[in-house]
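So the sequences go chain by chain: A and B.
Heads up: the first sequence begins at -3 in the working numbering, then just goes up one per residue.
Heads up: the second sequence begins at -3 in the working numbering, then just goes up one per residue.
Since the hints were made in silico from the structure, they are not lab data.
Careful: at least some of the hints might be erroneous.
One copy or any two copies: either way a pair holds, since identical chains are not told apart in the list.
Unchecked claim - Straight-line Cα separation of at most 16 Å, EDC-like style, residue types lysine to aspartate or glutamate; simulated pairs: (1) 154 / 320; (2) 154 / 87; (3) 297 / 209; (4) 157 / 320; (5) 319 / 31; (6) 319 / 155; (7) 335 / 294.
2 protein chains.
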Amino acid sequence: MQNDRFLKACRREQVDCTPVWLMRQAGRYMAEYMEIRTKYDFLTMCKTPELATEVTLQPINRLGVDAAILFADILLPLEGMGINLAFAKNEGPVISNPVRRIQDVENIRILEAEEATPYVMEAIRMIRKELAGRAPLIGFSGAPFTIASYIIEGGGSKEYKNCKTMMFGAPEVWDALMEKISEVLLRYLKAQIKAGAQAVQMFDSWVGALSPDDYERYVLPYSRYVLSGLKDEGVPVIHFANNASAMLELVVRAGGDVIGIDWRINLDEAWRRIGYDRAVQGNLDPFTLFAPPRLIEEKVKRILEMAENRPGHIFNLGHGINKETPVENVMAMVEAVHKYSRR
Amino acid sequence: MQNDRFLKACRREQVDCTPVWLMRQAGRYMAEYMEIRTKYDFLTMCKTPELATEVTLQPINRLGVDAAILFADILLPLEGMGINLAFAKNEGPVISNPVRRIQDVENIRILEAEEATPYVMEAIRMIRKELAGRAPLIGFSGAPFTIASYIIEGGGSKEYKNCKTMMFGAPEVWDALMEKISEVLLRYLKAQIKAGAQAVQMFDSWVGALSPDDYERYVLPYSRYVLSGLKDEGVPVIHFANNASAMLELVVRAGGDVIGIDWRINLDEAWRRIGYDRAVQGNLDPFTLFAPPRLIEEKVKRILEMAENRPGHIFNLGHGINKETPVENVMAMVEAVHKYSRR
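In isolation and in its complexed conformation, chain A is listed as follows:
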């Protein structure tokens, strides 16, 4: 491995400078990506290992980030479960058979991930080969709550009304669904690791819709099932629960070697609450990248100062990068992280 900063930081080892990558770094803000995206639809790109490999590598070549993250979508495991997934133009994911009753849950299949999503595993093998040690490869999945929210609501949601109505009104249906989802996700991540992922991240993108009590009762046991099931796989596990900064202690209880932090909290306070026995990842507001480079640099420095050169900080955004972000600002950010954290 020519660049092992990221993996070292995950294990809280000393590094030459702070590693950095960006959530959703293989994406529409890059001209190279758009060139491919105009020729193929999003799902085709996810399901064609050659295309997934090409776009996964683009940010490594262009930005100099310290890790590659598999190009994929958190909803890819749905099809194997018997849930119909489509991406409507400009509308995001649409599920034509949302899960609402116990019968729907009973109909969900649990396949082996190599059978359900062979193209993901093939992409991982291909990316590892192409990377040839230039940077480690991160695999990922959604977290049980986030996946459940799509499956129940039938797509994206603002308020999670159906989801909460099930939780509160039919907890036995909720638990049965979460059990099945957790099992699918654990197998999915294990298969990614077996295929060659050198770290994995579990994204709980929408769990910030819940109160701490509801998180603890309805979500934490299932997130913990997935995360603790990965303990013996030998790779670092990152747990990112977006908009959950007011209940970080519970997120930590669910597990993860590295805890992702959104931008709604200062990194020093977040790390103190998480505990220094975990690594942390974060936490620049993605829209800072619309600021002049001088201000981006200042804000990068501020986050590095809050990390106090403590081993175990991975620099990242506090959420996925926006598709209109100027790529030169992203490059300025990556450069600033390396420059101002040089030990």
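Go by the hints and put chain B onto chain A.
The following block gives chain B in isolation, referenced to the frame of chain A:
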């Protein structure tokens, strides 16, 4: 005043039981409201004191809540500022002349609130008369950031890209805009108090989009200007910053006799961080009201326990009530608050 529980709790005085009201309590979940709403559009209802009075009183008559809140919209002051506000069907507010450059800011007018929004003041006088002391009347406004976000984005937003681009890239335009907005809001709330509002709440509905540093630099001084400008008006001031539970200390620094809490944090932890020298208001997840009444009751009890009978707790939702909420569940909630908090 026949029911002064709410005002006493705002001043942290002993009460017979915990007062309760609901954000957006005069709204579409009530059949009485919909009966009027089908006859008039939303803005007409806001601008017709007789209609605003009627719907403001509906929850008092039906639910037995301990305070009335003026029926109005946080964007009503925009028209007097020279900003064109319309409500598109099912799309929320639309502003045809959003503010982006310094010239746009210079064109903003600062009128007296009685001149800009005479119908609001007339509604307050009429509501006070109709209430005849049965419950106190709360007036309200948006907070500077939330109002600025609409004015800059031209309507609602998910990501506040234009807003943040201005903050970061043209801070002099941002500051000039926030100065004008704060002045308008301070005058607006003072006029409401003069007209008869017995408490006021400032809603910072969208400020959760910001990092603590950006809140402190770009928002706090302006929120403080409004809140501290109300200190000598003799009525309690409630400050609600939604989705800001990870930076409550900064929200407190901006001011408010009562601090509103969303549902993303436990009330006991929130109050400890806010300090016991302030009253608190909250914090049931609005979607709990889709749960069976038995669970609603449990969750009400849990919040009351976290408040520990300490004087200064006003029960409320952690955000506005959803328009599909079953009204009988709302009534069960109000009853449970009174029943389980009886001293």
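So, going through the hints one by one against the coordinates:
no., hint, verdict
1, 154 / 320, "between (22 Å within a copy, 14 Å between copies)"
2, 154 / 87, "both (13 Å within a copy, 14 Å between copies)"
3, 297 / 209, "between (36 Å within a copy, 13 Å between copies)"
4, 157 / 320, "between (30 Å within a copy, 10 Å between copies)"
5, 319 / 31, "within (14 Å within a copy, 44 Å between copies)"
6, 319 / 155, "between (24 Å within a copy, 12 Å between copies)"
7, 335 / 294, "within (12 Å within a copy, 53 Å between copies)"
Violated hints: none; the structure is consistent with every hint.
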